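Kindly produce the complete structure, drawing on both the sequences and the hints.
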Amino acid sequence: MLGQSRLAEIAQRVLREAKADQIEVMITGNDSHLTRFATNTIHQNVSETDATVRVRSVIDQKTGVASGNDLSDAGLKTIVKRAETVARFQQKNPEFRSLPGPKPAGKIDAYVDATARFAPLERAEGVERILAASRKNGLEAAGAFSTEEQEIQIANSLGVSAYHRGTVAALLTVIMGADSSGWAAAASRNVADIDPARVGKTAIGKALASRNPTTVEPGEYTVILEEAAVADMLFFLGYMGMGALSVQEGRSFMCGKLGERVTGDQITIWDDGLDPRGLPLPFDFEGVPKQKVILIDKGIARNVVYDSSTAAKEPGKTSTGHSLPAPNTAGPLPINLFMAPGKATQEEMLASTERGIWVTRFHYTNIVHPVKTILTGMTRDGTFLIENGKISRPLKNLRFTQSILEAFANVEMLSSTLTLLKDDWNAIGTCAPAAKIRNFRFTGGTE
Amino acid sequence: MREFTDRALDVARAKGASYADIRIVRRETQNIEVKDGIVQDLTLAETYGFGVRVVANGAWGFASSNRLEKPEIDRVAGLAVAIAKASAISKREDVDLGPSEVHVDTYRTPLKIDPFEVSLEDKIDYLLRADKEARSVNGVRVADGALGFQRDTKTFASTEGSYIEQTLVESGAGIVVMAVSEGEMQQRSYPNSFGRHQGTGGYEFVQKWDLPGHARRVAEEAVALLSAPQCPSGVKTIILDGPQLGLQIHESCGHPIELDRVFGTEAAFAGTSFLTPEKFGNFRYGSDLVNIVSDALTPGGLGTYGYDDEGVPAQRTDIVKKGQFVGYLTSRETAQQLRKTHPDAPERSNGTMRADGWNRTPIIRMNNVSLLPGEWTFDDLIADTDDGIYMITNKSWSIDDKRLNFQFGTELAYEIKRGKLGRMLKNATYTGMTPQFWAGCDAICNKDHWHVWGTPNCGKGQPGQVAHTGHGAAPTRFRNVQVGVMKG
Numbered sequence: 007m008l009g010q011s012r013l014a015e016i017a018q019r020v021l022r023e024a025k026a027d028q029i030e031v032m033i034t035g036n037d038s039h040l041t042r043f044a045t046n047t048i049h050q051n052v053s054e055t056d057a058t059v060r061v062r063s064v065i066d067q068k069t070g071v072a073s074g075n076d077l078s079d080a081g082l083k084t085i086v087k088r089a090e091t092v093a094r095f096q097q098k099n100p101e102f103r104s105l106p107g108p109k110p111a112g113k114i115d116a117y118v119d120a121t122a123r124f125a126p127l128e129r130a131e132g133v134e135r136i137l138a139a140s141r142k143n144g145l146e147a148a149g150a151f152s153t154e155e156q157e158i159q160i161a162n163s164l165g166v167s168a169y170h171r172g173t174v175a176a177l178l179t180v181i182m183g184a185d186s187s188g189w190a191a192a193a194s195r196n197v198a199d200i201d202p203a204r205v206g207k208t209a210i211g212k213a214l215a216s217r218n219p220t221t222v223e224p225g226e227y228t229v230i231l232e233e234a235a236v237a238d239m240l241f242f243l244g245y246m247g248m249g250a251l252s253v254q255e256g257r258s259f260m261c262g263k264l265g266e267r268v269t270g271d272q273i274t275i276w277d278d279g280l281d282p283r284g285l286p287l288p289f290d291f292e293g294v295p296k297q298k299v300i301l302i303d304k305g306i307a308r309n310v311v312y313d314s315s316t317a318a319k320e321p322g323k324t325s326t327g328h329s330l331p332a333p334n335t336a337g338p339l340p341i342n343l344f345m346a347p348g349k350a351t352q353e354e355m356l357a358s359t360e361r362g363i364w365v366t367r368f369h370y371t372n373i374v375h376p377v378k379t380i381l382t383g384m385t386r387d388g389t390f391l392i393e394n395g396k397i398s399r400p401l402k403n404l405r406f407t408q409s410i411l412e413a414f415a416n417v418e419m420l421s422s423t424l425t426l427l428k429d430d431w432n433a434i435g436t437c438a439p440a441a442k443i444r445n446f447r448f449t450g451g452t453e
Numbered sequence: 433m434r435e436f437t438d439r440a441l442d443v444a445r446a447k448g449a450s451y452a453d454i455r456i457v458r459r460e461t462q463n464i465e466v467k468d469g470i471v472q473d474l475t476l477a478e479t480y481g482f483g484v485r486v487v488a489n490g491a492w493g494f495a496s497s498n499r500l501e502k503p504e505i506d507r508v509a510g511l512a513v514a515i516a517k518a519s520a521i522s523k524r525e526d527v528d529l530g531p532s533e534v535h536v537d538t539y540r541t542p543l544k545i546d547p548f549e550v551s552l553e554d555k556i557d558y559l560l561r562a563d564k565e566a567r568s569v570n571g572v573r574v575a576d577g578a579l580g581f582q583r584d585t586k587t588f589a590s591t592e593g594s595y596i597e598q599t600l601v602e603s604g605a606g607i608v609v610m611a612v613s614e615g616e617m618q619q620r621s622y623p624n625s626f627g628r629h630q631g632t633g634g635y636e637f638v639q640k641w642d643l644p645g646h647a648r649r650v651a652e653e654a655v656a657l658l659s660a661p662q663c664p665s666g667v668k669t670i671i672l673d674g675p676q677l678g679l680q681i682h683e684s685c686g687h688p689i690e691l692d693r694v695f696g697t698e699a700a701f702a703g704t705s706f707l708t709p710e711k712f713g714n715f716r717y718g719s720d721l722v723n724i725v726s727d728a729l730t731p732g733g734l735g736t737y738g739y740d741d742e743g744v745p746a747q748r749t750d751i752v753k754k755g756q757f758v759g760y761l762t763s764r765e766t767a768q769q770l771r772k773t774h775p776d777a778p779e780r781s782n783g784t785m786r787a788d789g790w791n792r793t794p795i796i797r798m799n800n801v802s803l804l805p806g807e808w809t810f811d812d813l814i815a816d817t818d819d820g821i822y823m824i825t826n827k828s829w830s831i832d833d834k835r836l837n838f839q840f841g842t843e844l845a846y847e848i849k850r851g852k853l854g855r856m857l858k859n860a861t862y863t864g865m866t867p868q869f870w871a872g873c874d875a876i877c878n879k880d881h882w883h884v885w886g887t888p889n890c891g892k893g894q895p896g897q898v899a900h901t902g903h904g905a906a907p908t909r910f911r912n913v914q915v916g917v918m919k920g
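Quick note, the sequences are listed as chains H and S, same order. Residue 89 in the numbering used here is what sits at position 83 of the first sequence, and the numbering runs on without skipping anything. Residue 487 in the numbering used here is what sits at position 55 of the second sequence, and the numbering runs on without skipping anything.
Hints were generated in silico from the structure; no laboratory data involved. Fair warning: this is a prediction, and the values are worked out from it, not measured in the lab. If a hint is listed, it holds; no wrong ones were tucked in.
Computed footprint of chain H on chain S; a stretch qualifies when at least three of its residues, placed anywhere within it, have a C-beta under 8 Å from a C-beta of chain H:
{"id": "1", "region": "487–495"}
{"id": "2", "region": "507–515"}
{"id": "3", "region": "522–532"}
In silico EDC-like cross-links for lysine to aspartate or glutamate, where the CA-CA straight-line distance does not exceed 20 Å:
{"id": "4", "chain 1": "S", "residue 1": "Lys467", "chain 2": "H", "residue 2": "Glu101"}
{"id": "5", "chain 1": "S", "residue 1": "Lys711", "chain 2": "H", "residue 2": "Glu453"}
{"id": "6", "chain 1": "S", "residue 1": "Lys711", "chain 2": "H", "residue 2": "Asp185"}
{"id": "7", "chain 1": "H", "residue 1": "Lys142", "chain 2": "S", "residue 2": "Glu525"}
{"id": "8", "chain 1": "H", "residue 1": "Lys263", "chain 2": "S", "residue 2": "Glu614"}
{"id": "9", "chain 1": "H", "residue 1": "Lys87", "chain 2": "S", "residue 2": "Glu553"}
{"id": "10", "chain 1": "S", "residue 1": "Lys564", "chain 2": "H", "residue 2": "Glu255"}
{"id": "11", "chain 1": "H", "residue 1": "Lys98", "chain 2": "S", "residue 2": "Asp557"}
{"id": "12", "chain 1": "H", "residue 1": "Lys319", "chain 2": "S", "residue 2": "Asp468"}
{"id": "13", "chain 1": "H", "residue 1": "Lys263", "chain 2": "S", "residue 2": "Glu616"}
{"id": "14", "chain 1": "S", "residue 1": "Lys502", "chain 2": "H", "residue 2": "Asp79"}
{"id": "15", "chain 1": "S", "residue 1": "Lys852", "chain 2": "S", "residue 2": "Asp812"}
{"id": "16", "chain 1": "H", "residue 1": "Lys87", "chain 2": "S", "residue 2": "Glu460"}
Where is the CB? At the ideal position from N, CA and C, for every residue including glycine.
Here it is as structure tokens:
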């Protein structure tokens, strides 16, 4: 990576080059490495180095954006010129007020040298621990072990200058038998926190336990959802309706409901870009410091997140620091979500369940109705019937179609610990507990 | 470029690679979005870099960088070999690529109007006109129109002697209109959902689809949907329009025929496939009417190219023939793997390895996977349907990890009663199991109603890659489908 002083220098060169009324520059850099495995071998093993400059030029309320990854003098001049040329062709945006001004952002140390220096052979050796255990049990392992370092610099002509760097290590595995599978994952800023043997052991245990699966009829069941399944629902809830634009456009479940009960009183959800338990980012993509925002408090809808564009539409509102790279017509989104834990252990949840279904995680979840928060998806990699407080038999995977808010209203127990789940595509982390939920709706099954 | 490609391949060989290839890719994109009368987004983006893929000690390695400079080429080629050697500690057998592929060639997407030469003013004006039409309808809450253009300039070279230069151009356009009422939101998209319809080709694509000419209609439909009755549930006859059927094909056929997926390489993310090798040539996928092909040569298809990203020529392959499963999407390596159990399987790849940019290693992706047209006119198909539902434009999609159990929702539906289209219905959903669903296919519209629909958002791989795929489809009827899964 290029480092703070180099990125600051590049940002200053861009700002000096610009002739626009206002200008914003975002520079991102990454060194990313991923060792992928399947059928008990490493089949893809990749490394990437990149740095991209994105310039937003504002000329007389007209905005143009250009980006490129040529960081030479000529390259930077080209990007600036393109952004300004595009802005001149633009139409005035009467809703545009201003780029944000500078505000001090919190600092958080999210960079771990060990993760940044982790070598290909070390990743391969970590993976081989899983593969060896898988082979020993007559199973086949697939998964990915990644380590990456990322940095971001945001600066603008109003004085914003913010830099952050971080590292992320993530390991996940799906281990399969002839008719079974198990999943486990771990993520952390520090690769030393990741124990491949332990991850492998958890997935192997589920793969062995889920052999010879049987079926149950679709219907409503009490479920125990592991953290990954809860995180999936939480992420979609945030995407559907916790950003200000979704409220302003009338398509959010929060519309007309701020201050009212929208789900169960055990449910408190917030977004916090500075919490070290997640994958922190202290400022948003306009350089505005991230605020901790309580979204739902004991089931009551409290707030949504804002960027500068959505805040400008509501008198008295300011950005909460949740912009995605602007302009972004999807609006601001919470990307550091937390759900408050409860008091139970997973063992207590299990013991208290007379009949239910244990779900390790979901697959291919998607929105059916955003205002009603209805989601559909499949269970995957470890689905079990619970009878009389014990796992009784493994199940073939089931499809659910369920309102998230209704499910959360039916929470009976939440686990006392939170687990960090990393998004498959980005360095976005969600921290969720496990949950016992009654009347969870399964609408189909598969072979 | 030869000095760079030769250098990378030489370094890779010197470091111990038995095979190496390099792709140098420049990707230029232009996106324009007009939302509620305001040009919200006008972005020009460019990314340029190279990726070196090697086999060393019988295993794969890949490294990439945005700096096309000689010292960096040396570093990256060396790193790719080091990564491959690290991979080799777990290998069971050496990578086998089969017979050499040696091609020296160029390819350019055929187009009439270079979209990058069309002025920004013309593009903005086009979207503003569509926006104005949409928002002239009372009850519209949001109108969001977009144009997108992409140009990939690629150079591929390999240690086997290939040197291929390609310029691939895509153009896309779409509008989505949203209407809201208490507790309800409905939307209509044209020509396709989720941003835009897209194909390979020039600005003539945008002109053809005429967003301003259709914006008012879709806006009226969005508003009407708010007060439309809920689509009834039950086992029904359905007719899917082209865009929805395109996604059905994508999810329930295109993905399970990816041979890398069949062999387990996607198990940790996207899943595996129910089309396991013993079914190859030996499985009824659908009714006798179902003929599905993979074709990277389809004119204007979003998945059309000259060569794939391991230098194999674009070609057409039968996938399902008269309902029988007969073909996979293959790569050089997977073609050899399949021949271990099926010695009569083709020795050569059918050219479906594609990478999302310079910084991703190629994996098997769909190109244009299409259901061939049938014999019916649309009017005759409706007239022949006594009791059914016509479903239009995808809104929601989900399928299990083996590509069997699926569930889709569409933006709009119409009741069909006694051979006539009747009342509008909202929130239509349907679900099923892939082979049973396709077994119920009993009528396909003809080529006059057939079009290649673009899916520009297909996700696969770790790290994630987005592929642009095409799916030829005409309105098609399916019997005995479970409709309606939503509660309330």
